[in-house]
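For the numbering used here, count along the sequence shown from 1 and bump the result up by 1.
Simulated from the structure, these hints should not be mistaken for laboratory data.
Errors might be hidden in some of the hints.
Under the rule of at most 25 Å between Cα atoms (straight-line distance), these lysine to any residue pairs were calculated in the SDA-like manner [unchecked claim]:
{"no.": "1", "residue 1": "497", "residue 2": "459"}
{"no.": "2", "residue 1": "112", "residue 2": "197"}
{"no.": "3", "residue 1": "772", "residue 2": "793"}
{"no.": "4", "residue 1": "626", "residue 2": "560"}
{"no.": "5", "residue 1": "571", "residue 2": "709"}
{"no.": "6", "residue 1": "355", "residue 2": "511"}
{"no.": "7", "residue 1": "571", "residue 2": "141"}
{"no.": "8", "residue 1": "772", "residue 2": "762"}
{"no.": "9", "residue 1": "707", "residue 2": "531"}
{"no.": "10", "residue 1": "707", "residue 2": "637"}
{"no.": "11", "residue 1": "294", "residue 2": "279"}
{"no.": "12", "residue 1": "495", "residue 2": "539"}
{"no.": "13", "residue 1": "354", "residue 2": "560"}
{"no.": "14", "residue 1": "495", "residue 2": "389"}
{"no.": "15", "residue 1": "574", "residue 2": "849"}
{"no.": "16", "residue 1": "594", "residue 2": "580"}
{"no.": "17", "residue 1": "772", "residue 2": "434"}
{"no.": "18", "residue 1": "294", "residue 2": "274"}
{"no.": "19", "residue 1": "497", "residue 2": "383"}
{"no.": "20", "residue 1": "571", "residue 2": "823"}
{"no.": "21", "residue 1": "492", "residue 2": "434"}
{"no.": "22", "residue 1": "112", "residue 2": "145"}
{"no.": "23", "residue 1": "492", "residue 2": "524"}
{"no.": "24", "residue 1": "513", "residue 2": "450"}
{"no.": "25", "residue 1": "574", "residue 2": "745"}
{"no.": "26", "residue 1": "112", "residue 2": "240"}
{"no.": "27", "residue 1": "354", "residue 2": "504"}
{"no.": "28", "residue 1": "716", "residue 2": "637"}
{"no.": "29", "residue 1": "497", "residue 2": "478"}
{"no.": "30", "residue 1": "774", "residue 2": "1017"}
{"no.": "31", "residue 1": "626", "residue 2": "636"}
{"no.": "32", "residue 1": "1015", "residue 2": "985"}
Computed from a prediction, not measured in an experiment: that's the story for all the values here.
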Amino acid sequence: MAAPETFVDELHSQLLATPAQGVRMQLNTLLSRFGRSNRTTSLMSQLDELLFARGIQVRTRHRADGWQWSTLAKTDMLIFELDNTPTAATNRRYKMQTVNEPAPSLALFRKYASKSSEILLSVAYVDEHMSDELSQLSRTYGFKVRVVSDYNFNSNVYTRGRIRGKIEAVGHFRTSTGPEGEGIMHTKLYVFHLTNGETVVFSGSANFTANAWHHRNTESPLVIQTGTTDDPHLALMVNAAENSWQKAQPFQNMENLQPGDAVNHPDQGRGEIFKIEGENARVAFGDALLVVKLADLTRVVDPLTLLASGQGAALAKVKARFLGNYLFAQNSLTGEFEDYRIRPVPHQLLALKKFITGDGNLLLADDVGLGKTIEAGLIIKDVVRRMGDKARVLILVPASLKAQWLLELREKFGLNFRVWKHDTIAGAEAFSDGSQGCNLLIASYFAAVVGDMEEAIMRHMATYDLVIVDECHRAANDSVQLWKLLRDMRKEDKVKQLLLLSATPHSGDRNKFINLLHLLDQARFPTNDRPLAQERISQPEVLQEFVYRNDKLSVTDFKGTPLFRDVMAKAEKIELSVPEIEFCDLVVAYIEKLHQAQQRAQGKLAVQIGFVSSIYRKMLASSWKNVLRSMRARLQYRMMQAAEESGEIPPVDAFYDNDDDTLRDEREERDIQKLIKQMSSDEYFKGEAESLREIVRVGAGLEVQKIDTKVDRLKVLVNEPEHQDSKFIIFTQFVKTLEVLRDALGGREHTAEIQGAISIEDRQREVSKFKNKMRFMISTEAGGEGINLQFAHKIINFDMPWNPSRIQQRIGRVWRYGQDKDVTVINFYVMNAISDQRVMQRLDERVDEMVRNYLLTVTFQHVPDQLRDALVYDLKMRVLGAVQEEKGGEFENIISELNENLRDKRLAQALSRIDEAIKMVTAENDYLARSVGTEVRDLVKDMAGFYASPEVQYLHLFATTMAEALGGSVVYEPASNVYTFNLPAAIGTEFGISSTLYEDRAFTFEQGRVADSKLGEKFEYFGFGNTFFNQLIELCRKAQFGGQTGFAASLPMAFAGKNAQVLALITAQASTILATGSQDRTEQYPVCAFVALPSGEQVLPEDLFRADWKPGTSRPITLTDSNPNIQQLLLHQQEKIKALRRKDFSLSNVTLDAALA
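Use the sequences and the hints to build the structure in full.
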């Protein structure tokens, strides 16, 4: 393999030895001499120059001239011969050749410039890059310089003075035409007077710009002539250049300078014009006031001000290019400009930051309602964005939450997960990476540990990039199968990153807390060395690494406004009518007799009687119509009447497995109907049939009289003046009660409903119906989990569940992130007939009192005064939940107890435990708060440097500057609060952007607004994921778009003059190594930095595009003579890149992509 220079030297020697024969070789043989299999423009151009310099001409077998390298076949024969034409003789020393390259070569220019004593350029346009090149060559080789150009030789008036200064530092500069622009220099001439007495002339269409000399433009073929000036052909071209020079005039400053302008002087430096007097100006240079020539002054403009206040499409392209690169680099890391169909708030974005900048193993312990699913969705989106289609994510959840996860990820993040056993095979092969496997999978963890399924899963499972465990406190006990499964998955490297979610990960038991942290890092938190693990979880800096937690009453939006509104709970105490009391008393007496019968019965019959007794009590508290239905059925079967009621309750939705407690009441309601048919027709107690007949008789009378005090009160309440314009969510435990309420409120035409039997699609349709059309949503406990209804803010608990956590789940549907109104909760209690209701109401009042008294002695920071009631409610629910979880069915046991004395004793014991739980819950909150420093977090500081400033509307800025750069505009439609694009049709042919992507389409810059749109509204999110936006981003990052202002070279670049001011866009590729256990994976991110050159001062994007930047308010940029270290400048994104749980960090492809001078 030989260099082109060596090949040409050898070829020249061979031709001199045998000039008559010439040298023949095929093109592929020629390329092989250079170690190439394909021709390149640069290689063939270099070869042309070398052959020309040695006087060697090349032709093909069939054509002597008029051919191009690019048109030859690799098997074509080339013939090399010495040029023996008369004009090539040494006594004439004149040559003329058309180089086989459509654009001039910078290497060719440097070749002749390095041999010159003087250079004369006659061109139309000059840019700063090539003037830099010329001045550096002149200083290196000592040749003189003369340049003549058009008056408007550069489109940027602020750059012309600097170009003139650089050229005149080594020579002379003139403009050929006046300010009116008469005449344009079409023919461009480059005259090189060589030191050996020869003259070389380039002629063609190439201006003295980087675009021409770096092969960006397509120019006419370059004609090169060489010889002496006594040759008439050569003299003609030299005289043309000299005539242009003689007719031209020295460059005059026509910048329309005004008093007060900041200016530069080549000798005095920076100053300010005090007064203009004809061709002179009085300028203040420091303390001196000097008179200088106006032509020697150039305006000084802060690049920030120039960028913010610039006019015209050319400057808009610079702004669009800067913005496009910033948006692309920023989104590649954080995804913050993706179409999430939500509006992430600070604490959710900081959760993503915590994941990205940590090792990817994290416990999200945010309070209930803060959007842990959204935080997890942001993290999943980050993994999928980095890994692409190969990303594998497994989500393990309680069965009742599978539907919620599926819908949230699909609707808010566009992620299409599949549900194990619902739309996949039922076996463990679903966890593999084979044909039956699924990369994005949601599974019930109860189903994963049943029987030998756990072993099968471990055998088939392929490694997941991310595993998420929701409600992970259920795996906090190291004796349960779920914890063992997760432990084994970590041990066998089935999980690269683990994300645990729970609002109550601690619960006062440090050993269980250690068990959870052990799953995140088995070495740091060993379960076989509890003292060591205890010591480590006592260190705040350790917890900060693995735990992220926020309290719902301390989180805010970007402006510091609390995200959660107040919540007020009211007791609606119902006094039943006399006929209703009579009915209830008969049912209670029947239940007491059943209880006595249960004590006498044995085996299965005793269990059945106890079950029926308990359900009857719950039904009675819900609706007398519900219990009447079951009593009537029991009487029919007791009397051997086999008629069956129509409309049997359908089976529970397939999304719910046996571990789910959410639909227990609905299953009990269904099962009691079946049980009544199965139970013996014998009496459970003497006189049972008579009791049933009396209950049914009195109940029938209530039906005839249409008496239902509880329902009547509901109908009045929802239409009271303070409520008549509000949406209500009405919760009940039973489907039969739901049907009663639906009929009372106007039927299906006026109500939406959710119960466990409806499909996931029907559920979403009901939610949409409630949001857009209906005032009332009636729901069983199936609506207490898995749906979010922040667009409503009033809840009625028509019946009160015995388990207080159910109430918390119900209210959590509306009291959560996104709720913009105070939440009102109305609890219905029947006070004069059903003792269960009185006990529950007493319990609620007593716990409320205990919490309020406790809070008098405790200071809760970051909780505004207006959220005092919310604080009481939140703590009360957490305390009741803690007691319920610790003691199992604590409150159910109290309420279900029929013996008044025993019930009061159990209630007193529960209250003492509640007192202890209050202290435990608040201590847990304080303990976990240290994990993220919620007491001292500076939100602005945490967000800055990682996420884009929320004060700057980057997407809006990009849209307007891009439209201006393309010669169009963005139009705001105030009526619908959307934007439309008005762009010229030429962008389709010039840039390949189809008009169908933006014509007759409306856009919004707000994340989440599309998902919240109402019926009939039609607009798109203008961000990543939108085809039009994606194409604009790609376009503005390409060289053909422009906006580079002539700077397009690999760094470092030298900038002449201590007063030069350049705002540069520097781009690079950051390579990082992600530590993933036993494996390492290289990741790459595009990054960009905005810097002021040559000082190297950083310019933050929020400064660069701040809306209040205007001319005259610019920030001074300190300049120095030193050139910047570009790689160090890029490290201003260190928090984004270097801290990304990485083992190494490097930059490549560092280039100056664009600059504004």
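Hint check results:
1. Restraint check for residue 497 and residue 459: satisfied, since their Cα atoms lie roughly 15 Å apart, inside the 25 Å limit.
2. For the suggested pair residue 112 and residue 197, the alpha carbons sit about 14 Å apart, so the restraint of at most 25 Å is met.
3. The straight-line distance between the Cα atoms of residue 772 and residue 793 is roughly 8 Å, inside the 25 Å bound, and the hint therefore holds.
4. About 51 Å separates the Cα atoms of residue 626 and residue 560, which puts this hinted pair outside 25 Å; it is violated.
5. For the proposed pair residue 571 and residue 709, the alpha carbon gap of about 21 Å is at most 25 Å, so the pair holds.
6. Between residue 355 and residue 511 the alpha-carbon distance is near 23 Å, which keeps this suggested pair within the 25 Å criterion.
7. Under the criterion of a C-alpha separation no larger than 25 Å, the hint pairing residue 571 with residue 141 is inconsistent with the structure, at around 88 Å.
8. Only pairs whose Cα atoms come within 25 Å are accepted, and residue 772 paired with residue 762 is accepted, the gap being roughly 15 Å.
9. In summary, the hint linking residue 707 to residue 531 is not supported, as the alpha carbons are separated by about 65 Å, beyond the 25 Å threshold.
10. Straight-line distance between C-alpha atoms of residue 707 and residue 637 comes to about 23 Å, which keeps the hinted pair within the 25 Å bound.
11. The hinted pair formed by residue 294 and residue 279 meets the criterion: a straight-line CA distance of about 9 Å does not exceed 25 Å.
12. For the hint linking residue 495 to residue 539, the alpha-carbon distance of about 29 Å lies beyond 25 Å, and the restraint is violated.
13. Pair hint residue 354 plus residue 560 holds up; C-alpha atoms about 19 Å apart against a cutoff of 25 Å.
14. A C-alpha spacing of about 19 Å is found between residue 495 and residue 389, which places the hinted pair at or below 25 Å, so the restraint holds.
15. Under the criterion of a C-alpha separation no larger than 25 Å, the hint pairing residue 574 with residue 849 is consistent with the structure, at around 17 Å.
16. Restraint check for residue 594 and residue 580: the C-alpha separation of about 22 Å stays at or below 25 Å, so the hint holds.
17. Proximity of residue 772 to residue 434 is assessed by CA-CA distance (about 40 Å); at most 25 Å being required, the pair is judged violated.
18. For the suggested pair residue 294 and residue 274, the alpha carbons sit about 11 Å apart, so the restraint of at most 25 Å is met.
19. A threshold of 25 Å between alpha carbons decides the hint, and for residue 497 with residue 383 the separation of about 14 Å falls inside it, so the pair holds.
20. The straight-line distance between the Cα atoms of residue 571 and residue 823 is roughly 13 Å, inside the 25 Å bound, and the hint therefore holds.
21. Distance restraint check for residue 492 and residue 434: the Cα-Cα separation of roughly 19 Å lies within the 25 Å cut-off, and the hinted pair is therefore satisfied.
22. A C-alpha spacing of about 16 Å is found between residue 112 and residue 145, which places the hinted pair at or below 25 Å, so the restraint holds.
23. This hinted pair checks out: residue 492 and residue 524 have alpha carbons roughly 11 Å apart, not beyond 25 Å.
24. Straight-line distance between C-alpha atoms of residue 513 and residue 450 comes to about 20 Å, which keeps the hinted pair within the 25 Å bound.
25. Under the criterion of a C-alpha separation no larger than 25 Å, the hint pairing residue 574 with residue 745 is consistent with the structure, at around 20 Å.
26. Simply put, residue 112 and residue 240 have alpha-carbon atoms about 23 Å apart, close enough for the 25 Å limit, and the pair holds.
27. A threshold of 25 Å between alpha carbons decides the hint, and for residue 354 with residue 504 the separation of about 19 Å falls inside it, so the pair holds.
28. As the CA atoms of residue 716 and residue 637 are separated by approximately 33 Å, the hinted pair breaks the 25 Å bound.
29. Only pairs whose Cα atoms come within 25 Å are accepted, and residue 497 paired with residue 478 is accepted, the gap being roughly 23 Å.
30. Taking the CA atoms of residue 774 and residue 1017, the gap is near 13 Å; set against the 25 Å cutoff, the hint holds.
31. Of the pairs offered as hints, the one joining residue 626 and residue 636 holds, with about 15 Å between alpha carbons and a cut-off of 25 Å not exceeded.
32. Only pairs whose Cα atoms come within 25 Å are accepted, and residue 1015 paired with residue 985 is rejected, the gap being roughly 32 Å.
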